[in-house]
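Novice: Protein chains in written order, with the numbering used here: chain A, 1 to 204; chain B, 1 to 194.
No lab work stands behind these hints: they were computed from the structure.
From the structure, some residues in chain B lie toward chain A, with a derived Cβ separation under 7 Å:
1. 6
2. 25
3. 73
4. 85
5. 109
6. 112
7. 122
Every residue, glycine too, gets a C-beta built ideally from N, C-alpha and C.
Here is how the chains run, residue by residue.
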Amino acid sequence: MNDTNRALNRTVLMIVGVILLLGGGAAATAAALPAVGEVWTSSGKAVLDGLRSAADATKIGDTDLSWAVIGAAAVAIVIAVVLFVGLTTLVSRRSRTVLRSSGSQTPLGRVTITEGFAADAVKNSLAREDDVVAASVTAHTVRDEPVLHVSVTARRGADPRSVVDHVDRLMDGLAAVTGTDTAAYISVHGGLRSRFASDAPRVG
Amino acid sequence: MTTPVLRRVVRRETHSPRSVAFAVVVLIGIALALYVAVELILALAAQPALLVRPMAALESLAGLPSNAPVAAGVAGGLVAAALGLWLVILALAPGRLSKHEVDAGGRVAVVDNGVLASSLAQRVSDEIGIARDRVTVGVAHRSVDVTVRPGAGIPVDKAQVTSLADAEIASLKLARPVRTRVRIARPDDEEKAA
Numbered sequence: 001m002n003d004t005n006r007a008l009n010r011t012v013l014m015i016v017g018v019i020l021l022l023g024g025g026a027a028a029t030a031a032a033l034p035a036v037g038e039v040w041t042s043s044g045k046a047v048l049d050g051l052r053s054a055a056d057a058t059k060i061g062d063t064d065l066s067w068a069v070i071g072a073a074a075v076a077i078v079i080a081v082v083l084f085v086g087l088t089t090l091v092s093r094r095s096r097t098v099l100r101s102s103g104s105q106t107p108l109g110r111v112t113i114t115e116g117f118a119a120d121a122v123k124n125s126l127a128r129e130d131d132v133v134a135a136s137v138t139a140h141t142v143r144d145e146p147v148l149h150v151s152v153t154a155r156r157g158a159d160p161r162s163v164v165d166h167v168d169r170l171m172d173g174l175a176a177v178t179g180t181d182t183a184a185y186i187s188v189h190g191g192l193r194s195r196f197a198s199d200a201p202r203v204g
Numbered sequence: 001m002t003t004p005v006l007r008r009v010v011r012r013e014t015h016s017p018r019s020v021a022f023a024v025v026v027l028i029g030i031a032l033a034l035y036v037a038v039e040l041i042l043a044l045a046a047q048p049a050l051l052v053r054p055m056a057a058l059e060s061l062a063g064l065p066s067n068a069p070v071a072a073g074v075a076g077g078l079v080a081a082a083l084g085l086w087l088v089i090l091a092l093a094p095g096r097l098s099k100h101e102v103d104a105g106g107r108v109a110v111v112d113n114g115v116l117a118s119s120l121a122q123r124v125s126d127e128i129g130i131a132r133d134r135v136t137v138g139v140a141h142r143s144v145d146v147t148v149r150p151g152a153g154i155p156v157d158k159a160q161v162t163s164l165a166d167a168e169i170a171s172l173k174l175a176r177p178v179r180t181r182v183r184i185a186r187p188d189d190e191e192k193a194a
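Whenever a hint applies, use it, and build me the whole structure from the sequences.
Specialist: What follows is the structure, encoded as structure tokens:
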């Protein structure tokens, strides 16, 4: 779970896709139909002439340098930087937090439970389950609210219903101990680890 | 009681973020932008171009219909258009991951389709006494396929398997209802298929 901006991902894909779709379609029709090809060539010439006159108009003194070309190079570099920043948001946006839940005040003091404790408690309890190969607990912040994520790798053929119910009971127990019912999200995975793990021990 | 926050978590966990496609597109974009910048600077400095001068590249693009062979122009355009269409589909399609949400009281739970399938296969195999590797279960977003391949002469009641699978699926409490399809593959069917 992370905070990757998915709307941004899809918007960028959409924009690039539409540009490619229209550009490719136009190029294909221009190549296939001579009439459209004429339009393509003449409008291309017009654009080129415009660019040339822009470059000539912004010439710096007697040199070959032109502000328009310098500007275009700067724009290209800015685009590259903006794209790079967009790319870094993809990797750096982690939503992990440290969860601290403070129980109610008692005459003896206050009980504070940290994520580490919650994680260990849930993991140790799940480790005794035959159906569970591995488990991990992490805390995340989603819309400024803490959310516990219990991730369970189930053994092959395990009943996911009983795994989910078991985790649900554990979380009830944790809520009773900490005094706050943190929102929790349970995910049950299969995959390589459960495929290579030995079969559940059989009794009898 | 599932809060909007948990709904959001489930939605994010069951749908693809499209991060890989985004990263590839953005990386190509960065490379292109940097390359264009380098060529422009080389042209400014009146140095030989790396591959092609920016103006020459634009000129050849404008002259594409008359210079390039028709087939190459059409093929190139279609390839670009197909790539664009694929990106548009990626942008608009839900991108559901192969996971099912299951009921978990006030909490939320998401289970991989593979886990659901292997659990169903195990149950069916236990109940009807057919070896586990002769039961194949596929769990999709809206349907569950159960295929049993009993050996020659071993009777299997299709109705029994169907009701068994239905009961097992009901006990999983999937958030989205699925259709069950049961198929008993007989050895002679297998031979015909082979």
